[in-house]
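Residue numbers (UniProt numbering), protein chains in the order written: chain A, 1 to 307; chain B, 1 to 545.
These aren't lab readings, by the way, just hints derived from the structure by calculation.
Be careful, since some hints might not be right.
[Said to hold, decoys possible] List of simulated lysine to aspartate or glutamate pairs, DMTMM-like, C-alpha gap at most 25 Å: (1) B:K437 <-> A:D32; (2) B:K179 <-> B:E475; (3) B:K437 <-> B:D464; (4) B:K499 <-> B:E487; (5) B:K432 <-> A:D294; (6) A:K53 <-> B:D428; (7) B:K153 <-> A:D32.
Quick caveat, the model's predicted, so the values are computed rather than measured.
Read off the chains here:
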Amino acid sequence: MGRYVVRRLVQMVPVFIGSTLLIFLMVNVMGDPVAGLCGDRSCDAATAAQLKKEFGLDQPVWQQYLTYMGNVFTGDFGTAFNGQEVTELMSTAFPVTIRLTVVAILFEVVIGITLGVLTGLRRGRPVDTGVLLITLVVISVPTFVTGLLLQLLLGVERDWIRPSVSSEAPFGELIVPGLVLASVSLAYVTRLTRTSIAENRRSDYVRTAIAKGLPRHRVVTRHLLRNSLIPVVTFIGADIGFLMGGAIVTERIFNIHGVGYQLYQGILRQNTQTVVGFVTVLVLVFLLCNLVVDLLYAVLDPRIRYA
Amino acid sequence: MRGATNAGWAACAVAVALAATACGGGGDSGGGSGGDGGAVLSSSWTDPQNPLEPANTNEVQGGKVLSMIFRGLKQYDPKTGEAEDMLAERIETSDSRNYTVTVKDGWTFSDGEKVTAKSFVDAWNYGASLRNNQKNAYFFSYIEGYDQVHPAKGEQSAETMSGLKVTGERTFTVRLSQKFSSFPDTLGYNAFVPLPRAFYDDHDGWLAKPVGNGPYAVESYTKGSEMRLTKWDAYPGEDAALNGGVTLKVYTDNNTAYTDLMAGNLDLVDDVPAQQLKNVANDLGDRYLNTPAGIIQTLAFPFYDKNWNKAGSVKVRKGLSRAINREQITDTIFQKTRTPATDWTSPVLGADGGYKEGLCGEWCQYDAAAAKKLIKEGGGLPGGQVKITYNADTGSHKLWVDAVCNSINNALDNDRACVGNPIGTFADFRSKSTTQKLAGPFRAGWQMDYPLTQNFLQPLYYTDASSNDGKWSNEEFDKLVDEANAETDPARAVETFQKAEAVVRDNMAAIPLWYQNGSAGWSERLSNVALNPFSVPVYDQIKVG
Numbered sequence: 001m002g003r004y005v006v007r008r009l010v011q012m013v014p015v016f017i018g019s020t021l022l023i024f025l026m027v028n029v030m031g032d033p034v035a036g037l038c039g040d041r042s043c044d045a046a047t048a049a050q051l052k053k054e055f056g057l058d059q060p061v062w063q064q065y066l067t068y069m070g071n072v073f074t075g076d077f078g079t080a081f082n083g084q085e086v087t088e089l090m091s092t093a094f095p096v097t098i099r100l101t102v103v104a105i106l107f108e109v110v111i112g113i114t115l116g117v118l119t120g121l122r123r124g125r126p127v128d129t130g131v132l133l134i135t136l137v138v139i140s141v142p143t144f145v146t147g148l149l150l151q152l153l154l155g156v157e158r159d160w161i162r163p164s165v166s167s168e169a170p171f172g173e174l175i176v177p178g179l180v181l182a183s184v185s186l187a188y189v190t191r192l193t194r195t196s197i198a199e200n201r202r203s204d205y206v207r208t209a210i211a212k213g214l215p216r217h218r219v220v221t222r223h224l225l226r227n228s229l230i231p232v233v234t235f236i237g238a239d240i241g242f243l244m245g246g247a248i249v250t251e252r253i254f255n256i257h258g259v260g261y262q263l264y265q266g267i268l269r270q271n272t273q274t275v276v277g278f279v280t281v282l283v284l285v286f287l288l289c290n291l292v293v294d295l296l297y298a299v300l301d302p303r304i305r306y307a
Numbered sequence: 001m002r003g004a005t006n007a008g009w010a011a012c013a014v015a016v017a018l019a020a021t022a023c024g025g026g027g028d029s030g031g032g033s034g035g036d037g038g039a040v041l042s043s044s045w046t047d048p049q050n051p052l053e054p055a056n057t058n059e060v061q062g063g064k065v066l067s068m069i070f071r072g073l074k075q076y077d078p079k080t081g082e083a084e085d086m087l088a089e090r091i092e093t094s095d096s097r098n099y100t101v102t103v104k105d106g107w108t109f110s111d112g113e114k115v116t117a118k119s120f121v122d123a124w125n126y127g128a129s130l131r132n133n134q135k136n137a138y139f140f141s142y143i144e145g146y147d148q149v150h151p152a153k154g155e156q157s158a159e160t161m162s163g164l165k166v167t168g169e170r171t172f173t174v175r176l177s178q179k180f181s182s183f184p185d186t187l188g189y190n191a192f193v194p195l196p197r198a199f200y201d202d203h204d205g206w207l208a209k210p211v212g213n214g215p216y217a218v219e220s221y222t223k224g225s226e227m228r229l230t231k232w233d234a235y236p237g238e239d240a241a242l243n244g245g246v247t248l249k250v251y252t253d254n255n256t257a258y259t260d261l262m263a264g265n266l267d268l269v270d271d272v273p274a275q276q277l278k279n280v281a282n283d284l285g286d287r288y289l290n291t292p293a294g295i296i297q298t299l300a301f302p303f304y305d306k307n308w309n310k311a312g313s314v315k316v317r318k319g320l321s322r323a324i325n326r327e328q329i330t331d332t333i334f335q336k337t338r339t340p341a342t343d344w345t346s347p348v349l350g351a352d353g354g355y356k357e358g359l360c361g362e363w364c365q366y367d368a369a370a371a372k373k374l375i376k377e378g379g380g381l382p383g384g385q386v387k388i389t390y391n392a393d394t395g396s397h398k399l400w401v402d403a404v405c406n407s408i409n410n411a412l413d414n415d416r417a418c419v420g421n422p423i424g425t426f427a428d429f430r431s432k433s434t435t436q437k438l439a440g441p442f443r444a445g446w447q448m449d450y451p452l453t454q455n456f457l458q459p460l461y462y463t464d465a466s467s468n469d470g471k472w473s474n475e476e477f478d479k480l481v482d483e484a485n486a487e488t489d490p491a492r493a494v495e496t497f498q499k500a501e502a503v504v505r506d507n508m509a510a511i512p513l514w515y516q517n518g519s520a521g522w523s524e525r526l527s528n529v530a531l532n533p534f535s536v537p538v539y540d541q542i543k544v545g
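Isolated chain B (complex conformation) (with noise of 0.2 Å):
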């Protein structure tokens, strides 16, 4: 009777498991009704690729936690960009080289540590020093001191930078090792925020269960599935949250987390799914927003390779930017996602901050007889062929390479012009691309650090500088830049930038393509709800209910 009797348990236990998606089911979203401030949202996430200390993430994950749980000396505007005192009571300069820093007195750690001078100076030493091993380490590089703390080779020779002092319980020094006019605006960034000594006494602990300054504190976190934080009741700042809480789930997909979105289990999702761009307007209506971010794609060239950095080159880059057809492309592929762009910045910098409409000019303009003539005249493309290298793990990098292809292959009447080379994985594609192992064009990303023009030129096309892959190199644009870092005059400094992109333009050092835009989605529950420049929901200011 074995068999049966096997039979009738399992039988029970699916029975019994039955029973209890039924009740599984109803879903237990906690959320309080009315429009009172203590009910909490839900919202989609994705596991932070690097342990969540301030000056070692950079990507948009990490950064939303860091940018709910800590405030620093800056805090960038959501809606102009702008970047206006937080913490910091003054920021004084004569020189543009050496800063006072005030403080400004009255804020406090969520664990009820005081916020100091030294909470800023020890946060900075931190994420400088080189046996931290943290990833935007280089963000202080501007610091007098940072060459001992974070040597090119070899060990550390000193422990902390000689270019902070503190002064005084809410003032110290920044002495930078060139002029840097744009230095207090730099401070917004997640990277210079300060840490409570908690950080440094319990590493593990804090990581376990971060402790910041900001209108969020965080309640629990379980890693890989879910963060739960709550109100800052004790919060001084005047951006006290509106809600009472945020719950960040991890997603392993975004088109689980819209299905979930579509069903009421989730509140919010701030990466609607390509495939869903479709529907997004009859399912959502007005609750949906997709608005410029400070990211640009463009098309980067090995200038290393002798083919591609030859008399007549700057005609064939530009007769390539001419054969794409950015407005078709940002239609049909990206359902108007993304913007076509017009110059080597973006939009969301404003006319004041530095973006230029149209700086690009023809040179951005699909026009296929001119493209011809302009690559025939520059001496037709290398080898005859272009390859453009992309990875092909993530994004829908495939779908518009094969697009811009496309396109050239039309404009040049030949099939064979252009062809995508994908690559297997991000790593194996940012190896390739920052050992100079690529062979023709590479697609290249640029998510701005902080809302300044010099953020979106001097990284990417400064002479040896961190993200100059293809190794341009113009000592016009690299004088323009230091002239441009050194002025006191914002405007003026903003003008000399224009004139330096201006060479990036004449010279082609990149093609560019499109602006991106970020997107977000939410349910019935939530009114208020913004993006700002970084593409990030300003959680702080959602409304529940």
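The shape of chain A in the complex, shown without the other chains (with noise of 0.2 Å):
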């Protein structure tokens, strides 16, 4: 397990290397960012070379990635073209995100595999069609219309919550963009489960479970939901990472300053520093994520062993 665990983080540094390094090209592509820094009027050539000077953009590519990555791993993660340091934005944004991915996973938890198991166990019944028919509308509607809707039906319709989250954005107030984000991801958790409770409840261990006259409600959460868990937990491990860089759409919808909203700002504005700071963590929890959920394997499935 332990020497498992370490394979896998040291396998992490060439992903983690590329990946930056990709970033930082394609960010480069775009061309010359401190022509964009004086509005409608050009800055005079003297002020535009001393701010290149001051952002290392006078020095061939691969030798600003290659002080980018010096300064990375000593903490270090440049400046904003606004004066703020990079680590800054990333203090302010990233709980943000984080308060609203763990309520979006949660509610994809807690009803997606709710759902799942009742229309898993209960297939074909009015229950499970009707659940299957509102996933499916769900699915097909842009996050943006549910969030714009929600927001104008809950917030000035009906005054029961606030159209805008405030900056300190606590978790009472991310309950709605939470769900309006989790929307599209619960839908599959759903059917994901759905699909595999219904696999497994015709299996074996289950026949024999239930002949072994064990109550109904431990046989469905002892051995069939734990055994049908599996590709769900995979594909909720996989969505925290997704959750958290592509928020942009709810996170610009309900006024949340978390990390989509500073990625958004730093490509506009064609800020390296601030783009590829935030791709770099996002890379690290993506990574950390996909390690968590094979951990995971084995607690659920105790055949699967890491050697």
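Please dock the two separately framed chains into a single complex, following the hints provided.
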């Protein structure tokens, strides 16, 4: 187990270097960021040169990358164009996005799996058909439509929530945005759980468990659910990364100043330091989530052992 | 039983969270009631792009804050745009080149430091110095000695500009490198405000919580989310704040800000999103304002490209101008938040200030037949097609460029005559247009720095001027601008500038499209809301309650 974890961690290094290099090159291809800093007027040549020097943009790209990576390992992610440290931006953006992701994942786990189990056990019944229909609708309606509609209905028409999230972004204000963010994944989790449960319900071990006379809830939670959760856990694990990086639409609608917003700003202003810094952290989150998912397999299915 | 316990725990968490929403949903606008001067209003904001220093702020959002916490020698009247004395007791000159400035007595910064002549001179030297990377440094370029502190190439050879001298506690002299009669009128711009010692002594601390001498003082500033400004009670000026303070809230999207206004969580939105313009009369009634700002949109041409700079090109450019149906586009696409342009300046200047309605004449009037004829006479469109380049990331540029192309195509009976050419980001667009890499006409917007005709003409059309991206050059125009700048009588200066503008017209150096309006919507709590010529709300005059 320990060796397995170490091996996986070592494997992360080339993935990490490769992905940061790629992002670095991509942002660089977009052109000269200093040109956009002076608005509709061009910066005078001397100031532009000075700014380039300050941000290290006068060096060749490979050298910029090496300097950048060198700094990253000492915990210095550079400075954004507005003079803020990127680490400072991260320290305000990540906690908000993490809270939002936690809310979304909670919704996926609680509602998604519950509905999945319910429908999986009652395949073909009205409940099943109903949930299938609803999930189909949720999957096919784009997130921004759901988001804007809920914002208008609950925020303006009904006054139950605040249409925009305040800068502190406490959990309470993130419920509706979290639900919107989770909606599509939630529908997938429901369908995934349902299929998995329906399939395993007919397996031998479930029949044996029922034959032994175990109480129904024990059969479902201990035997059926535990074995059916493996694909669901894989999905949710990968989803954590997607939700954190892909919350741009939801964050924009509900005025959440999280990772998506900072990334969007960074790309608009062609701020290499911000974009690469945030993507680097997101890549790490992805890699760690994958590792955790793999380790969870062993918990769910004791037959899986890591050497 | 693990599964069951976990589910139970999660259910509890959701229940707790739901309860929290119920509590948080009530709203905490924090404002008192009644028409007292102590109530605080909230207003939408966008994170400033650059560090918040006076000479480093070149966009509206940072400028908004500066105009609340600073007062300079002059102040532009929110209604007429006229430059009036603020901290200046006198600004005297006999030759339009040497100025003596006397600062009023009794002014202090909100940290108690006195505003002296030195506060200005030090601030201007800081702003001009190449070492400080100030993006608005060129505002000081008229002052003698600017070349030494901000050379075009190499290291700076002086610390301070030789043209600035402190002659007394409240007096200093300015010597310009050329005659410039409107110089005193430029001094209302944010780059010219005085700075306290704290700015130099503890720069990071100052940036975290700026200190100025205006009607408001910064109470707290959380970068990226909000700034709280409170009324500065000891403010010595006549335009003291009529409200208790302003909370600027950063919004990721102006649609969300508008929704928040509708829901009663926000008091003032100073940029009504285009999508909402249809509903605005219904939603807000007379709590909505839509007035011209000092912004003009034009189509610029690449004069460095010989296809656009040959004998018949003037006729082609004029033909294109006549092929654009400005009325229709401003009505349908912009819902009348733009006004068709009939000259190259802006209505906010007023007739005395140099705005001349109809100066463009027939060349800005839609006439399909005339357009077709002109373009044919001029030798046709270069390459048979015009490509209008714009940046697709911000604003609604795609919408209007498509509409302009549509109008041109209809007028010329040719659906391939004009196409849009989007560029991904503003920075990329700017880097291509400033390095002369664009092949056809491109969008150009100009937001004035100060309400002067000079500001609408010189930076854009003077040979090699800072924003003359198309590299247009005309001797007669340059001569007239020089003459106008040297003219001591303001009325005659304006007249000469208009002669120069006529040269721009006769050569169609750029096609004027429309003047942009500023818009604002506000809640029932507010009254006396107005926008200044820069389309920034006049915060200090807003009454709450």
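Hint check results:
Using a Cα cut-off of 25 Å, the hinted pair K437 (chain B) and D32 (chain A) holds, with the two alpha carbons roughly 13 Å apart. Under the criterion of a C-alpha separation no larger than 25 Å, the hint pairing K179 (chain B) with E475 (chain B) is consistent with the structure, at around 19 Å. Among the hinted pairs, K437 (chain B) with D464 (chain B) is consistent with the structure: their alpha-carbon atoms are about 16 Å apart, no more than 25 Å. Annotation: proposed proximity of K499 (chain B) to E487 (chain B) holds, straight-line Cα distance about 14 Å (limit 25 Å).
Taken as a hint, the K432 (chain B) and D294 (chain A) pair is broken in the structure, with Cα atoms around 48 Å apart against an allowance of 25 Å. Between K53 (chain A) and D428 (chain B) the CA atoms are separated by roughly 19 Å; this keeps the pair inside 25 Å, and the hint holds. Taking the CA atoms of K153 (chain B) and D32 (chain A), the gap is near 19 Å; set against the 25 Å cutoff, the hint holds.
Figure legend: structure checked against the earlier numbered hints; the only hint not met is number 5.
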